[in-house]
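Add chain B to chain A, keeping to what the hints say.
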Amino acid sequence: MKHILKLIQITLFIAIIAAGCDTADLHNMNLDPNAVQQIDMNYFLTASELGMASNGSAGDDNYTDWRTNINFASFAIQHFAMTGSSSGEKYFDGDVEPCEAPFQFYYRDALKRTAEIIKQTTTGGFYAGRLINTRQAARIIRVFDFHRLTDFYGSIPYFEANKGLSAVFQPKYDKQKDIYADMLKELDEACAAFDANEPDYKAFKAADFIFNGDISKWQKFGYSLMLRLAMRVSNVDATMSSTYVTKAVAGGTMASNDDNVWVKCATGPSLWADYNGISRAFYPGDGGSWQDHLLSKTLIDQLKGPNVASTADDDPRLMIFTGGIVEWTLASINPIQLDPLKQLGEDVGLDGAQINQKYGVGSPPSAIPYKIFSSVNFKMMQFDESYQIMNAAESEFLKAEALVRGIGSGITGTAQSHYETGVKLAMQLYTVYDASFVVTDAQVNAYLATYPYNSATALQQIGTQMWLSKFMMWQDEWADWRRTGFPVLTPSNYPGNSTGGTIPRKLTIPSVEAAGNPNYAAGSTQPDKLTSKVWWDGGNE
Amino acid sequence: MKMKQLLTCLRSQGKLMLFTTFLTLFTCATSLAQERKVTGTVKSTEDNSPMAGVNVLIKGATTGTITDINGSFSIVVPGNNTTLAFSFIGFNTQEVPVGEKSTFSVLMAPASQQLGEVVVTALGIERSQKSLQSSVTKVPGMSLTAARENNLGSSIQGRVAGVNVTKSATGPAGSSRVIIRGNKSIGGDNQPLYVIDGIPMDNSQFGQVGVWGGTDQGDGLTSINPEDIESVTVLKGAAAAALYGSRGGFGVINITTKKGTLKKGIGIEFNSNYVFENVYRLDNLQHVYGPGGATANPADPTGDYIYSKPTTQQEAYDWGAGSMWGPKLDGSPVVQFDGVVRPYSYAGDNWSRFYRTGSTWTNSLAITGGNDKQSFRFSFSDQKENFIIPNSDFKKRNASLSTNGKFGNKITFNAKVLYSNEDMNNRSLLGDSPGNAPIAIWTLANTVNVMDLYGDPNKPGAVPIGVTTPDLKSVGEEFQQSNNNWLQNPWWSAYQITNRNVRDRFITSGNIRYDILDWLYVQAQIGMDYYTRNSNSLSPQGTGYDRTGGKSNTSNFVREINQEWMLGVKKGFGKFNVNAFVGGNKMQRQAENIQVSGNVFQVPFFTSVNNTQNQAISYGFSKSGINSLYGSAELSYGGYLFLTGTGRNDWFSVLNPKNNSKFYPSLGGSFVFTDAFKSAMPDWLSFGKVRAAWGQVATANVGAYSVNPTYSLLGAGHLNIPMGTFSFGDNIPNPDLSPAISREFEVGTELRFLSGRAGIEFTYYDQKTTDDILSATISQASGFNSTSVNIGQLTNKGIELLITVTPVVGKITWDVSLNVAQNVNKVVELSPGVTRLFEDEPRTRTVGIYQVVGLPFGEILGYKQKVDPASGKKVFDETGSPVRSDVYEDLGNGIAKFTGGLTNTIILEPFQT
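Protein chains in written order, with my numbering: chain A, -7 to 533; chain B, 90 to 1002.
Isolated chain B (complex conformation):
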């Protein structure tokens, strides 16, 4: 009954902070009885080193102690008939009868012969590296904090073969794109599932830069404090991720957080870190010709143009941006956009006048402590980052508390809460030109010093007192450098067009495990990822394209809850070992948002949404869930032959009942031939294994409420009369939609040489996505833009190679790790008769990203210079200008085919005291 009560407790307390419950539930009781005192030391069989923190218990009593730093212990025993039990996580428990002895020398052996390196695999199951049948790479937490990145995704860049991480220069809290073994879906986001200590976390994006501009609103990964990470394990293939079923299609990144260890004492760790950054490339723009206009010569219409300098403030203003058609710069006095006459000569490098040195300052503190029954770890971290664009900064505070322990010999538990507060000020507007500071500098007349645009010293970018602008702006409005209303004064963009997001986030989880028998255990787990995100964005009054101004305030509430249970067996039968479990998961995700927006400010320059003439409110809600059952069985023989099969079935809320169930199997095996044929192996080969695996997962999620057509209200009505519309926008829902399927086969080998001083790991994989959900473009005459269909096919084939060498061991240890990967990706099928699917394009509308049958994902197509098919020569027109090709041609691809990383780790042995 105890078990059930605990489960009930766990379930009912799910929404509270679990750790507090556990902290108060369990207290340590000690009783004392004096007979005689014995002492001793505990050492490890592995290297004969003393073991600290080993639990020493008197069997049958509640008395116990732990070993000190030298492995020594002393304990009072009730008499000679006592047995001492020595236990330590990861080691076999030793029982030693006391008898007459008063000093003991105990050797403890690792718990499993096969243990070796332990890797956290799907669903938090720890497995030995050598039993794994697919490529799983572990990145220790230390390497994530050495060269710091704010975004966890970015910090694993180059660490893992086959993982391609890209991050645009969108600022400190920008998102990163992590692609494991290639892009597998056209409709999906191709982003892996992130799992923290067994609990999936939300990695929603809140907006990206597109053809009409915008900001990178970041992703969920910035919330994680790298200091809290013990290790990161990347489950790359379908077989490794199959137990995550519909969520594992793009791979899984398992994060294990640091925990306190079960030993006495308090440890304090303080870390301080400063990073600065500068703009890498300042493009060299021409400074031979100045701003001006070119017009055809009426006297000689076919001859050379007439090039003219600005002669009036209005002309200077008209030609203030992107109109470099004037004559050669000659230093003559010429009026500029603000009416001031300055030399018609190069004004110098405006990039370095505008950009600043970016910096990140991080301080973190961690405290660990506990006893043999329970431990805790608390950490706090504070980070402040200034972006290279002025007035843009990011502040982040993380706090975490985790505890783990045991209750008696059979129950272990852990609970954790991670809190983060992120405050991002002024994400940069990029893409299209409105509010985009870099484009403004790029297009600025080269005779204009960007500092002359600073304007009002108390309101950068605004018209200062005493200046009359050609567009008759009032003091305090945008001080435009040109007549292009859609191109802002860069200072105005940086200081006046502002936005801010603050996210408060809790990731909490609790896990309890009960070892019913030596070979039988049950565990239950609950986790919640909850955050609120408050954001606002201001388009201030006086902005070129929005003279009356506007503001919006948005609140998002996102909650994902996962409840899991698992029943497992682990038993040996002679040379056979079975490690199997069944389990279930219930996931529910809910997202809610409220937006209040308004435009036309009433009281000048009072930037509250309450001060707007037209206000609108919108409310969004979505809820979805997945129920799952799964199981896994690993059968091993002799510690060198492993066979694993897994299965998972998911039931989705977002799909219609007739096709809401999907099964995801995997099968794999590995064979450690060096263990099987020990005597036949040469001395230099210390470890050798071959493996093969096959698995099936899903690659795309369907949004809530998106498969059935419904109606909703349109906006807030017109003239107070309600208006109706379809609730699904421009994409026609498809009631028959089902998840896309990704199947993958992989084979590989792992070899280690010279007692592990060198190693090679090689993998080949072959992946295919079918029934990919495409938003197929349809004729707009249908009334819509697209419809969702299960049609696409993509393939990814590739190799991964990891080479590790340890050239130096001793007082200094030097590890070299090289990983390389090649991925060949191909779009096999789009909708019937469709060979090309448009994705996105820039405002130039001369180039775009497309999916093209037969070419890799995300091919770039655009105009090229025309080539004469007969001569093969490039074509120029009569004036000598290049002639554009008639149609879009293949220009290339922005996704790397080869990825790799080289990591050197040098560890100095601590100085002995």
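Only chain A is shown next, with the shape it has when bound in the complex:
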């Protein structure tokens, strides 16, 4: 009897445990205390805004800048030169990182977050019908990132992109023409849909560290971007171009340097997210690129003007872009040559031996490039420097060009007036970097007097000034240059280069994507080579 009682007890004991095997406790355990089921999409907007600069809000704020903007584009458009081999400077295709970086980083940063903002503010999302302004800002940021991507690669995943969470794992590629049509439509809709009176406006204002909720500035940014996109397709689709030039002008583009788009950076909390990625790439000891990215002969010669013996014809930006010939260490800046007349740009496309040969002393001749050539101005390369996204000068130049070429309607003023306003705005925008970078109205006027607007060579003048106005935004200028052909650049032709001595027209898609996405072969811009042209550059749709 005693044993039977015990058996019953034990059986009961087991039964209790057995019943508890698939418990609510077990299910609740899988709720991450550090995560939430829903989140304020304004937090995504802040991350998207930071992501627009450097694409590193979640990880590496100097990866794409270092590789694509600096190591590729700044060389391709000849703002810089180096003795080493770079795909942008000597046109080798062996270094794949500059080509792969945007594809690898853009989709996974601001684009991913803006896609989520748009999804959650659309019907079915947990903010459906709300966060009106957050949604419009996200749409503009999305277009900004996407236009860069398609300008780099041509046809890319667009309509099916950033839908991984809806199980679209291998998105289809879309033609650049269709992407442009949609981006322009998006900008048009987004700019019109802002509403400062909606109930969520306050939260948007708090999250928006670029414009602090200033809707008119968002609209100017959107319409300026629309103008850029519309002009970009001007060589291949006159209808699309003129329709949206007209719309952009009617909507109102950026008109003063207060309208410029800057992403404020900070020295913390994270080295990898909050810093200015361009500064990191140049800074001694971190990226340390300053000593092998020296200002090119093309750029310095342009800034110094034809009379090398006089500063009278110099561009006021000469001693803004360069801090002179210096030795820049973490501890100090040791000037070697600060005289504007003695600034020297590095020849594009030469290697170390050729530089030794040309500039070296001793036997055999030996030269240290940074001791001979002008380097980038450290005063615009501090870690917490604001990151330039877009400036007002560009809209003025584009309006000037549109007037010259007769694209669109509704542009008031003359090509000359827009050109001259553009030059002024471009020269006076640099005080954001350093208070000493002041260019007075008198200096601007003197420059315009020295180099007067000439309707016969207007397009070349406009192209050249746009080229000068995009210091730091080399990747965007590379697109401008491909479209306008100005300024006329002499390509390098280093032995063994992959483009036959021509400046690259396109980036190649990452090999992992090419091998992994079954839609790549039929959908991407082919041949997938540095020399292929994207649609608006005269390539396939």
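Mixed in with the good hints, there may be bad ones.
[Unchecked claim] Pairs of lysine to aspartate or glutamate residues, derived as EDC-like cross-links and limited to a Cα-Cα distance of at most 16 Å, are as follows:
no., chain 1, residue 1, chain 2, residue 2
1, B, 495, B, 482
2, B, 659, B, 215
3, B, 747, A, 14
4, B, 712, A, 24
5, B, 484, B, 593
6, A, 239, A, 181
7, A, 155, B, 819
8, B, 955, B, 975
9, A, 521, A, 181
10, B, 499, B, 607
11, B, 126, B, 189
12, B, 712, A, 17
[Claimed, not checked] In silico negatives: residues of chain B with every beta carbon more than 12 Å from chain A:
no., residue
13, 194
14, 450
15, 679
16, 875
17, 980
[Stated by the list, open to error] Just so you have them, the derived chain A footprint on chain B, three or more residues with Cβ under 8 Å:
no., segment
18, 152 to 164
19, 400 to 409
20, 699 to 708
21, 711 to 723
22, 758 to 771
Bear in mind the hints are in silico, worked out from the structure with no lab data behind them.
All C-beta atoms, glycine included, are put in the ideal place defined by N, C-alpha and C.
Here is chain B on its own, set in the frame of chain A:
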């Protein structure tokens, strides 16, 4: 009720050190009553040898004694009507009526006819070797300490057929990779479950070297003191491990720790051990040509290059590493990186100047003692190891206390605590070049003596006073040998780029068993593995790639608790015997980490994280659990035919409720034909058995919180504005994920010849993994890198052979044991349309490890020299350099197909006194 109270006690005390509870709970009471004294000796039926430590009890009383070393005892009995009970673990209890006799000669027989060699199988169940239906190999603890390895994994290398152990040269506290019967999962870690006295232990890795460098942060196995191990049993196949269900997919390594024996007296064991090691291979680098540059000749662009020596300190610095394009070494005076002119000739072997002789010094002490009711074992061990790379060392202290005993005749218990303190200084940075000392020596200009890089004698690797470097470094900053900021001065790497981890760990367990009836028992067990790990790593100010410096301090807290119960029967019905049980387990694992990091040091060379300009804090938490029910039934007939079936069901916290339940069955049988047909067997065949088994287990664990998409904050915000992101990084969660399944069938035979002097054990197995969880690479245009899917398939087929011979028996016994195994592994399926899955690659980006359908796990693909398809000849370009193949080709595989080991054991009989 007693049972229940004890269980309650056990549960409530679970988090405390159980052994102390038990030590105070039970005390021995002895009462004395004098009638008359009897004496006697106890011997074993096995070899007629005297048995020490046998309990001699007066039945019905609490009086008793134990036999001495000669098997003798003397006890006072109350009268002639007394019965003496003789008991000893593993032997049948004998009851002898006293009657008129005053001297006794008692023979004790082993408890079970089938006992033979006892092996600890799944869930700590002891079973006889001959009843096992799958291959289970036992490694005695002695062989683990004879040629000492710090890592338990490494120490079983070559001991067990089918177990492949690899360890990279990552230093003393590096991890080891133990693969049992091949890699079974692409997504999983393929590492077996380690179980100490029935309680699973945590074997988490804290980081490995990858394409961007890093350190091997070690695994959980280094905590175990080899001196504490009685034996290690390897459960290789799915059938053997099926009772571990979702955790047994990669096999199970059962560790049985040493315990005190139930006998009187104190035993002391002291062990001291010294091992030294040297670098095995010092590669012979060329010393014909020196550092310099090669440039095309402008006068003759297609002709030979111009090769030049450094002419300035700057040039020497530019060509200081990996730029061996100078002319032939000629002894001429040439300036070096530090501005000093030295002969342009080979500087000698820098490897041996940099590396040192490594050493390990271990001292351990063990004390055992007790009485017939309770025993204990205490051990302490201290180990200090100096790595071959200077300034890198590992210190470890282990202490353990275990006790076991019995309470009356029906309750047995044991409790144990293992403590370890591990202190690893300066794990080497490997892989990519930053902070990597060996790469720095490898690439150093061959005219430079590595001792000239030593710099400041008080701060090795730093710029000394009075030296101006081409990169204008300050005194105390890194003394670079070249302009490559990502290649460090090796002394700087060894002495200034430092890191340290200290782990304090407790593995405790308590087990209590109550024999309700002769044939019915219940037992309960609780175990906890808890550790804290404090680590820091310093990237000092002045380092080439990180001039402003940075530091991080991290604390990890990991706890795994297992609560188990089991109800078992063991009963004979004529020739039939049943050995069955049901049980349950509740496992919970929790991991927490706090990291504080900062960069840009403010006060120069003051390396505290508090001294940094930018500081960040991060906090991580994860908790997961598995509830399980299981049962096993073994039916035997006549002691020669065995049939076993097991089943386990697991419920997971980490999976969504619709698919969080999984069942794992196994079935097997063994037949000892030499026992079944005794008369028909030849004399030379002393034992023969055939066996077959099938089982199903799971092969991959899914991490906590990884199946459902959620949101979290991104970093610490920007400009004090919070930023949001997805909480799952770059891998899209899959809500439908379920564990991968591994099914395995095996057959085998065990034969022993000439009274056991020779033996053969042979096994064939056929394993298949389905629904393997793959992190399938997807287009980055999706916004992510990968998604987890149940899709992969792998197979492993192989044979294992163990041959044992004992050529000499007597005063010297010599055992030879040879094991060999072959495993054929194949990746059968990846994601639809995917034939190749990338795993990892080095920075050269010219070779990588891939999973390729149709090829074995972990195939190496890379560029080869191009071969002309028409002629079959290798292709060279016009300058005579080999031409690279257009695409990656199959280069081979780094995982051994054949593994084996040969062990010789020679035991000298102790000298008789």
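Quick rundown of the hints versus the structure:
1. 495/B to 482/B: Not OK: residue 495/B and residue 482/B at ~44 Å, beyond 16 Å, violated.
2. 659/B to 215/B: The hint holds at about 12 Å.
3. 747/B to 14/A: Within the cut-off at roughly 11 Å; holds.
4. 712/B to 24/A: 8 Å, holds
5. 484/B to 593/B: 12 Å, holds
6. 239/A to 181/A: 11 Å, holds
7. 155/A to 819/B: Cα-Cα ~13 Å, so holds.
8. 955/B to 975/B: OK: residue 955/B and residue 975/B at ~7 Å, within 16 Å.
9. 521/A to 181/A: The given pair, whose Cα atoms are some 35 Å apart, is violated under the 16 Å limit.
10. 499/B to 607/B: 9 Å, holds
11. 126/B to 189/B: This hinted pair holds, its Cα atoms lying about 11 Å apart.
12. 712/B to 17/A: Given that 16 Å is the threshold and the Cα spacing comes to 12 Å, the pair holds.
13. 194: 36 Å, holds
14. 450: 41 Å, holds
15. 679: 10 Å, violated
16. 875: Residue 875/B is in fact no farther than 12 Å from some Cβ atom of chain A, at 9 Å.
17. 980: 18 Å, holds
18. 152 to 164: With 0 residues in contact (Cβ-Cβ under 8 Å with chain A), the coverage given for the segment 152 to 164 of chain B is violated.
19. 400 to 409: Per the Cβ count (4), the hint holds.
20. 699 to 708: Satisfied; 5 residues make the cut.
21. 711 to 723: holds (count 7)
22. 758 to 771: violated (count 0)
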